[in-house]
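Those protein sequences? They're chains F and X, same order as listed. Okay, so the first sequence: first residue is 2 according to this note's numbering, each after it adds one. Okay, so the second sequence: first residue is 2 according to this note's numbering, each after it adds one.
If you're looking for bench data, these hints aren't it; they were derived computationally from the structure. Each hint can be trusted.
From chain X, some residues computed to sit far from chain F (all C-beta separations above 12 Å):
#, residue
1, K14
2, Q18
3, E53
4, P62
5, L84
6, S87
7, T114
What follows is a list of derived Cβ distance ranges for each label pair:
#, chain 1, residue 1, chain 2, residue 2, range
8, X, Q18, F, A29, 40 to 50 Å
9, X, S28, F, G104, 27 to 37 Å
10, F, Y14, X, Q18, 45 to 55 Å
11, X, T114, F, K53, 41 to 51 Å
12, X, G41, F, N26, 19 to 29 Å
C-beta: ideal position from N, C-alpha, C; glycine also.
One letter stands for each residue in the lines below.
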Amino acid sequence: LAKTTQPISMDSYEGQEVNITCSHNNIATNDYITWYQQFPSQGPRFIIQGYKTKVTNEVASLFIPADRKSSTLSLPRVSLSDTAVYYCLVGDGAAGNKLTFGGGTRVLVKP
Amino acid sequence: DAGVTQSPTHLIKTRGQQVTLRCSPKSGHDTVSWYQQALGQGPQFIFQYYEEEERQRGNFPDRFSGHQFPNYSSELNVNALLLGDSALYLCASSLVSARGEQYFGPGTRLTVT
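In isolation and in its complexed conformation, chain F is listed as follows (with noise of 0.2 Å):
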């Protein structure tokens, strides 16, 4: 499995765009780069998913450059409600859906 390298943590304000950037430079042809956000005592829940270029869902975008070693997931205009934990998965999802997780990014957005 590709490991992922992402900042502890990272600070902003209220109206914001929030960049979180994620290396994985061992990534194989057939990992696909997932994203999941964390609440304190609660479960991870999927933000969003992608393979390459870009993606865009109705709460994140995903940019993934052409040589897929790292991935960057664009949170736009930033509520204090998106103070959370963010992990950068990268997997086939071919063995069983096993999520492997790392430490992930601690955001905290300030009013």
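Since the structure of chain F is provided, determine the placement of chain X on it from the hints.
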């Protein structure tokens, strides 16, 4: 449509005891995975059940066992509890065909004293 539910919410056990945690998957899902999350860390995969069989297992000792029932619900059993087993235990459900998207329950907070 109910999401993933887990019981109990909190549990306090003594070292050496045994515990059983329960999970009901999201409607329509056929696969259940269990994760252990220690304070300040990311969830760690314990095992996954599909068609009532353990499909994959993480790096956890045999003290951790599980079961999946015909209605897809699942149990996690931990024997001979250690202080280090104190954690948030998360259940996640998915379709076996899904790629990386799992729905997590709120978890069971287990404290071993």
